[in-house]
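Colleague: One-letter residues, chain by chain:
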Amino acid sequence: MTEISNAFEMRGISKRFPGVLANDRVDFACRVGEVHALLGENGAGKSTLMNVLAGLYRPEAGEILVRGKNVTFRSPQDAIAHGIGMVHQHFMLVPSHSVAENMVLGLNRPRFFLNLTHVEEQVTALGKQYGLFVNPRAKIRELSVGEQQRVEVLKMLFRGAKVLILDEPTAVLTPQEVESLFNTLREMIRIGHTIVFISHKLDEVVAIADRVTVMRRGKVTAASVPAKGTTKAQLAKLMVGREILFQVEKKKAQPGEATLSVENLCADNDRGLPALRELSLDVRAGEILGIAGVAGNGQRELAEVLTGLRRATSGKIVFGDLPLGPKTRWQDLGRQLAHIPEDRAAVGSVPGLSIAENLVLKSFNRPPIAAGWSINKVEMRKNAIQLVDEYQISTPSVDTPVRMLSGGNLQKVILARETSGHPKLMVAMHPTRGLDVGATEAVHNILIKQRDEGAAILLISEDLDELLSLSDRLAVVFEGHLIGEMQTKAADIHTIGLMMAGTKVDA
Amino acid sequence: MKRFFASHRLRIETRLDNPGWLGAASSILGVVLALIVGGVVLKAAGASDPIATYQAILKEAFGTFADWKAGFSALLNHQACPKGMLCFGPLSDTLVKTSPILLTTLACIVAFRMKLWNIGADGQMFFGAWAATAVAVFILPKTTDRPVMLAAMALAGILAGALYGAIPGFLKAKLNINEIITTLMMNYIAYKWLEFFVVVGPWSIGDFESTGNFPASATWPRLTQYVKSIPAFAGLTAHPGIFLGIAAAILLAWILYRSRWGYQIRVIGENPKAARYAGINLGRNIILVMALSGALAGLAGMNEVAALRILSGRFQRGYGFTGVIVAWLARLNPIAAILVSFLFGGLLVGTKLIQPQGIASMLQGVILFVVVGTELLFRYRVRVEKVDHSILPSSGESHDS
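Going line by line, the protein sequences match chains A and B.
Read in order, the letters of the first sequence correspond to residues 168 to 674 in my numbering.
Read in order, the letters of the second sequence correspond to residues 2 to 402 in my numbering.
Pulled out of the complex, with its shape left as it was, chain B reads as follows (with noise of 0.2 Å):
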C-alpha cells in the first residue's frame, strides 16, 4: 500500500468529453454516499443494525416482492388483500406522495435551466392550494361535476402560481432583484396568507382550523372507493394524480427539447450573452418561464388539496425544497425526474415511522450536498497514474531524441 502512494499520484484534469452515463452515475453514487453517511448517523443514533433498517425503510415504502404477490393474487382471485400482507398498500402510499413532489421537481427543472434560482415552489404551491380551495368551496356550487369542478381547481392552481411565480420573475428581469431572495421571502408570506385563512380567518370553520372536508366533487377518486367491485383495493389512497404529474412532465420534456420557446430558455440558460446576441428577449423570458415554474407549483397545491379532500392549517411544508433536491438528482431531466419523485416518495413514506424523525431530511440534505459535490466529476477527470520519476533530477535519465 505504502509503495502503491509512493509510485502513483492523483491527478485531477480538466475533462474534455461529457459522457452520456457520467449524470447517471453521479446521482447514483450522490444516493449511496447519502445512504452511508445516513447508516453512520442511525448507528450513532441507538439503532443497532443500520441496514435492517433501511430494509425496513425499503418495505414501508414499496413493499416486499411477497406482498405483491399477495396483492397479485388477491387482485385476480377478487379477494381482499390476505390479513398479515401489506399488499400494494405501500407502492399506493408512495404513489400519493409522488404526484406532489413530480410536480414542484419539474417546477425547479424548468426554472433552474434558465439559471434561475427559484426556491419559492413551497410558496407557489400554498397559493395554489388555495386558490384550488376558494374554487372548489367558496365558488362553485357543491353540485358541479367532478369533471368541471376538478378543471376549474386545476386552472386556479396554475394560474394562482403563475401569478406567484412571476412576481420574483418581473422583479428579477425589470429591477434585477435576486430570485433567491424573493422566491425564498415568498414562501413565508404563502405560509401566513394560508395559515390566515384557514387557522384565524374567514374559511375557518368551528375550532378544527380547516375549510371543513371538499365536496365529493372537488376531490381526486380514490381506489378505495372501488372496493366493492374490487376487494383487493381495500384502503388504498391512490389517485390520478400521478397522471398529471407524469404529463406535466412529458410536456415540459416537449417544450423544453422541442419547442422553440424551450430552445431559448436553453440557449438563455447556457449563455445569456449568446440569447442578447441572437435577440432573445431575456426580461420577457425570465417572467414567463418564473410563471411556468410557479404554475407547476400551484399545479402541485391543486393536486394536493383534491388529495387531502380539506385544506388545513396543517398542510404541510417542505414539498419545494425537496423539489430542489429531485430535480438536481435527475440532472434537470423532465423524464428523469418521474422515476427519483417515486423513489423520493418512498423514502418520505418509508421514514416515517423511523425515530429520530428527522432522518428523511438528513438523507434528502446529504444526497443534495454529494450530488452537487459531484459536479466536480462533470468538470474535470480523476485519474491515479504512475509517477514518472525521470523528471526529478536526481534519478534523470537522458532521452535520446
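Okay, chain A solo, but in the shape it has when bound (with noise of 0.2 Å):
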C-alpha cells in the first residue's frame, strides 16, 4: 500500500540505453518535506532515474505514483504539472535574455499579453521567502554560476513544484555558496517541499540530507537510511561496493629547483578581456602546486599560456632555464611539457582515432615512431600495447577509437601518453572531473608517481578535496592573479573560501 506522505514513488524502474542498463527494477520513494539523497558514483544510474522521475526519459518498464496516484510523464511539462521539477547540471537558461523571461520561457500562460512586470515582482517575492536573491531584470549572462543556479531553482518553484530534484548542485559553487544553497534548501523543506539531491560528494550528503538512498551499477545497493548515525566510510562502501581511501597515499614532497617560475603574467581571454592579470608563482620540481578558485577567474588562460596553446599579453615565465615566449617552438619541448587538457574529449584526443593512434600525437615526430617521412605503424602499436598494459587501460584493442572508450579510460589514455615521456612539468587541469572513484584514484596514483619522479605539477582543480589531498602547496587564484597561497598542512577550508570569493586573508 502507498502511504499518502509519501511525496512520490518510484516503482520497478528499468531504463535501458544501447549496452547499459542504467536503472534495473529500481524502487524509490521520498517523503513529503524531506532532503532525500540520490548517492553514487558516475554512472550508477542517478540522474537517469531522475531525468525519468522529471518526464525527460521513459522508462521501459516500472510505474511513478505521485502523492499515491499512478501517473505517466510524456514530458517535462507533464512532470511539473505533478508538481516535479528537476534542476540539471547543465543549466537550461537563456543566456541573452533576462531572469524573468527566462521564468515564462516554454509556459503556455499568459497566452497573448507578457506582463513581465508582474512576472518579477513574484520573482522578487519568492527570492525572499526562499533567500533566492537575484535581479530579475539582469541577464543571465550577466549573472555567477551560483547565481543561475538561483535562478534554475526559482524557475522551478515559479512553476509550482513541489518536488525539486537537483542534480549535483554543488560540483560549481564556492563553500559559502553552497552553505547558502543548503540554507535554500532547509527553509523548503520546512515549508513542506521534497528534495532530491544527487550527489557523490559523501561530506554534503552528511549535513543535508535527512535520508540517503546508494546506487551502484543501476540498482539500489541501500534504500533510504537515514542519514543520522551513518558514516561516510559506511556511505563510501555502499557506492563503491569496497572501501576506499580518502587520503592520497604520497609521501613528503622533496620539492627541488624551480622547474617553472611566472612573473606579472597577464593575458586575454577569448572576448579579449583581461583574463590573467599580473599572476606570478613558481613550482618546484617534485612538488603539486595546486590552484584552487572559482570557474573563470583565469585558469584556463593561465593553463594555455603554459603550454603554448594562448598567447601572453606581458609577463615572463621561465621552464628550467629557457625563457618561454612568442619566439618558443612549443613542438621542440616536446614531451618535457605535459598537459592535461580541461576537456579531454574535444582538446586532448583525436576521438575518431585509434588508441595507438592518440598514444603518439605528441610523439609522432620524433623516432621511434617516426620512420622517414612515414609513420611506424610496429613501433606505434608495440608503444600503445605497452602503454594500454602499464596504465591498465581497459579496452578490447589498440585499434578501438577512442571515442568508444568511457571517461576513466579516456583520461588513461590522455595520461598515458603525457606521462609516458617523463615530462619535467606537467599542467594538469581537472584531471578527474567527471571520473568515478575508482578511475580518480588511479589518476591521483599517476600524478603523485610522476611528482616522486620529480615533475612539477600544476594542479588546476574546482575540486577541494582533490586539491587538499594530493598538492603540496596550495594557491587561490581569482580575478587572473593569486589571491593567497599555502601549505596545504596548514590549510583550512573556510579561508580557501573566502580567498575564492575574493577576499584577502593573511594565511
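Worth double-checking, as some hints may not be accurate.
[Unchecked claim] Straight-line alpha carbon distances no greater than 30 Å define the calculated BS3-like cross-link-like pairs of lysine-lysine that follow:
| # | chain 1 | residue 1 | chain 2 | residue 2 |
| --- | --- | --- | --- | --- |
| 1 | A | 494 | B | 274 |
| 2 | A | 616 | B | 175 |
| 3 | B | 274 | B | 70 |
| 4 | A | 483 | B | 274 |
| 5 | B | 143 | B | 229 |
| 6 | B | 193 | A | 544 |
| 7 | B | 353 | B | 193 |
| 8 | A | 494 | B | 353 |
| 9 | A | 386 | A | 368 |
| 10 | B | 353 | B | 84 |
| 11 | A | 295 | A | 306 |
| 12 | B | 116 | B | 175 |
| 13 | A | 418 | A | 404 |
| 14 | A | 483 | B | 175 |
| 15 | A | 419 | A | 368 |
| 16 | A | 544 | B | 116 |
| 17 | A | 591 | B | 193 |
| 18 | A | 549 | B | 193 |
Just so you know, these hints were derived from the structure itself, not from any lab.
Dock chain one against chain two, each of which comes alone in its own frame, and use the hints as you go.
Modeller: Here's what the structure looks like:
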C-alpha cells in the first residue's frame, strides 16, 4: 500500500540505453518534507532515474506514483504539472534573456500578453521567501554560476514544483555558496517541499540529507537509510562496493629547484578581455602546486599560456633555464612539458582515431615512431600495447577508436601519453572531473608517481577535496591573480572559501 | 499489418559502434535508391520500361558477356572484332572517362579528409589543362621525346593546379575566408581564363575555337594505334591515363594512412583543437593540403588534354563536381575511389544517348543526396521493437523486485 505521506514513489523502474541497463528495477520513494540524497558514482544511474521522474526519459518498465496516484509523464511539462521539477547539472537557461523572461520560457500561460512586471514581482517575492536573491531584470549571462543556479531553482518554484530534484548542485559553487544553498533547501523543506539531492560528495550528503538512497550499477544498494548515524565510510563502501581511501597515500614532497617560474603574467581571454592580471607563481621540481578558484578566474587561460596555446600579453615565463615566449617553438619542448587539458574529448584526444594513434599525438614526429616520412606502425602498436598494459586502460584492442572509451579510460590514455615521456613540468586541469572513484584514484596515483619522479606539477581543479589531498602547496586564484598561497597542511577550507570569493586573508 | 504497427515502434538510438560494412552498405543503398528514383523519373519522362533503359545503359557502359566473349576470341585469334559486336568498345570508353573522374575524386578526398570543402576541383583541373597545353603547344618543341613531353606536361598541370588550389588555402589559413565560396567562384575564373585563350584569345586557330591538334609527342598513346599488330584494338581509345589515376590513388592512400603528414591531416580533420594542442601547424597544413588537392585536379586536366589531343572551348566542365559525389560514395577512401570512379565513368558513357539528356546528372544528384542522408545510419541505429505496454498506467503490471 502506498502511504500518502510519500511525495512520490517509483516502482520497478527499468531504463535501458544501448549496451547498458542504466536502471534495473529500481524502487525509490521520498516522503513529503525531507531532503533525500541519491548517492552513487558516475554512471550508477542516479541522473537517469531522476530524468525518468522529471519526464525527460520514458522507462521501459515500472510505474510512478505521485501522492498515491499512478501517473505517466510524456514530457517535463507533465512532470511539472504534477509538481516535480529538476535542476540539471547543465543549466537550461537562455543567456541573452533576463531572469524574468527565463521564468516564463516554455510556459503556455499567459497566452497572448506578457506582463513581465508581474513576473518580476513574483520572482522577487519568491526570492525573499526562500533566500534566493537575484535581480529579475538581469540578463542570465551577466550572472555568476551560483546566481544562475538560483534562477534555475526559482524557475522550478515559479512553476509550482513541490518536489525539487537537484543534480549535483554543489559542483559549481564556492563553499559559501554551498552553505547559502543549503539554507535555502532547509527553508524549503520547512514549508513542506521535498528535495532529491543527487551527489557523489559524501560530506554534503551527511550535512544536508535526512535519508540516503545509494545506487550502484543501476541498482539500489541501500534504500532510504537515515543519514543520522551513518558514517561516510559506510556510505562510501555502499557506493563503491569496497573500502576506499579518503586520503591519497603519498610521501612527503622533496621539492627541488623551481622548474617553472612565472612573473607578472598577463593574458586576455577569448573575448579579448584581461583574464590574467600580473599573475606570479613558482612550481618546483617534485612538488604539486594546487590552484583553487571559482571557474572563470583565469585558470583556463593560465593553462593555455603555459602550454603555448595562448599568447601572453606581458610578463615572464621561465621553464628550467629557458625563457618561454612568442618565439618559442613549443613542439620542440616535446615531451618535457605535459598537458592534461580541461576538456579531454574536445582537446586532449582525437575521437575518431585509434588508441594507438592517440598515444603518439605528441611523439609522431620523433623516432622511433617517425621513420623518414612515414609512421612506423609496428612501433606505434608496440608503444600502445605497452602503455595500455602499464596504465591499465581497459579496451578490446589498441585499434579501438577512443570515442568508444569511457571517461576514465580516455583520461588514462591521455595521462599515458603525457606522462610516459617523463615530463619535467605537467599542467593538469580538472584531471578527475566526471570520473568515478576508481578512475579518480588511478589518476591521483599517476600524478603522485610523476611528482615522486621529480616532475613539477601545476594542478588546477575545482574540487577542493582533490586539491587538499594531492597538493603540497595550495594557491587561490581570483580575477586573474593569486590572492593567497599556503602549505596544504596549514590550509583550512573556510579560509580557502573566503579567498575564492575574493577576500584577502593572511594565511 | 495494423496490429504490427500498434504493437511495434521505430526507435532511433545513438550508435556506439561503427561496423566496417556500414559504409559500403550505405553507399550501395544510395545507388539502389537513386536507381529507383531515376526509374520513376524515366517513366514520367516517357520511357515505357525503365528497367530496359537501365539495361541499355549497362550495355552501353560496359558491354555484355557476349561482347566480352567475342572480344576475347578476336584477341586470341588475331582478328578484328566481329561485326555487330561491341567487344571491348564500351569498356574502353568507360576507362577513358574513369581517369579524370578518379583524379578529381582523389583531389576531393584529400581536402575533405581535412574538412576543407574544396568544390573547385573543376577550376583547378581547367588550370592544369591550360598549363599542360601551354607546355605542349607553345613551350616545348614538337620534336621532344614523348616521355619527356608528357612528364613536362604532367608537371605543369600539377604545378598550375597546386597553385590554383593553394590560393583559397592561403586565404583560408591567413584570413579565415570560407573556402567553399572561394573555390566555387574560382571555377568560373578558370572557365573564363580558358575561354579567353582558346576561343577569343591568343591560342585560337582560325575559327575553330581551339589550339589545333597537339603534336603527337604530347598525346597519350591509344590502343587503336596498335591496330596493325593487334586487329582487335580497332577503334579503342583507352590510354594509360588510368594507370596514372591508380598510381595517384595508391600514393594518396600511403600518404593518408602511412605517412606523418597524413597522420596530421587526419588529426586536423577529426579534431582541429587536438591538432593545435599537439603542436601541429594548422595554417601550413591547410595550404599544403589545398595545394595537393589542386595538384591532383591539375593532373586530371593534363590527362584530359593528352587524351583529347586538343584544347578547345568545349573542354568539358563538371568533372570536379562528379569528384565530390564519387568521393562521398567511396567514403573518402582512395582505394575504393578507383572502383567507384569506374562505375561513374560507366554511368557517364552509358547515359550519353539517353533522353532526356540530364538523366546522368540527375542520378548523380540523387546518389549524393541519399549517401549524405545515410550518414544518419552512422550516428544512429534504427530498431523496430515491441512496445512494452506495462509502462502505460491502464495496464500497469506490478513488478516484483
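Colleague: Determine for every hint whether it applies to the structure shown.
Modeller: Each hint, compared with the structure:
1. The hinted pair formed by residue 494 (chain A) and residue 274 (chain B) meets the criterion: a straight-line CA distance of about 21 Å does not exceed 30 Å.
2. Distance check on the hinted pair: residue 616 (chain A) and residue 175 (chain B) sit about 43 Å apart at the alpha-carbon level, beyond 30 Å; violated.
3. Taking the CA atoms of residue 274 (chain B) and residue 70 (chain B), the gap is near 57 Å; set against the 30 Å cutoff, the hint is violated.
4. A hinted pair counts as satisfied when its Cα atoms are at most 30 Å apart, and residue 483 (chain A) with residue 274 (chain B) qualifies at roughly 26 Å.
5. Proposed proximity of residue 143 (chain B) and residue 229 (chain B) is supported: the alpha carbons are some 25 Å apart, at most 30 Å.
6. Taking the CA atoms of residue 193 (chain B) and residue 544 (chain A), the gap is about 47 Å. The hint is violated against a cut of 30 Å.
7. Only pairs whose Cα atoms come within 30 Å are accepted, and residue 353 (chain B) paired with residue 193 (chain B) is accepted, the gap being roughly 26 Å.
8. This hinted pair does not check out: residue 494 (chain A) and residue 353 (chain B) have alpha carbons roughly 60 Å apart, beyond 30 Å.
9. Simply put, residue 386 (chain A) and residue 368 (chain A) have alpha-carbon atoms about 19 Å apart, close enough for the 30 Å limit, and the pair holds.
10. Between residue 353 (chain B) and residue 84 (chain B) the alpha-carbon distance is near 22 Å, which keeps this suggested pair within the 30 Å criterion.
11. At most 30 Å may separate the alpha-carbon atoms for a hinted pair to count; residue 295 (chain A) and residue 306 (chain A) meet this at roughly 19 Å.
12. Under the criterion of a C-alpha separation no larger than 30 Å, the hint pairing residue 116 (chain B) with residue 175 (chain B) is consistent with the structure, at around 17 Å.
13. For the hint pairing residue 418 (chain A) with residue 404 (chain A), the CA-to-CA distance comes to about 25 Å; that is within 30 Å, so the pair holds.
14. Between residue 483 (chain A) and residue 175 (chain B) the CA atoms are separated by roughly 28 Å; this keeps the pair inside 30 Å, and the hint holds.
15. Distance check on the hinted pair: residue 419 (chain A) and residue 368 (chain A) sit about 27 Å apart at the alpha-carbon level, within 30 Å; holds.
16. For a cut-off of 30 Å, the pair hint linking residue 544 (chain A) to residue 116 (chain B) stands: about 25 Å separates their Cα positions.
17. For the given pair, residue 591 (chain A) sits about 59 Å from residue 193 (chain B) by alpha-carbon distance, which is inconsistent with the 30 Å threshold.
18. About 54 Å separates the Cα atoms of residue 549 (chain A) and residue 193 (chain B), which puts this hinted pair outside 30 Å; it is violated.
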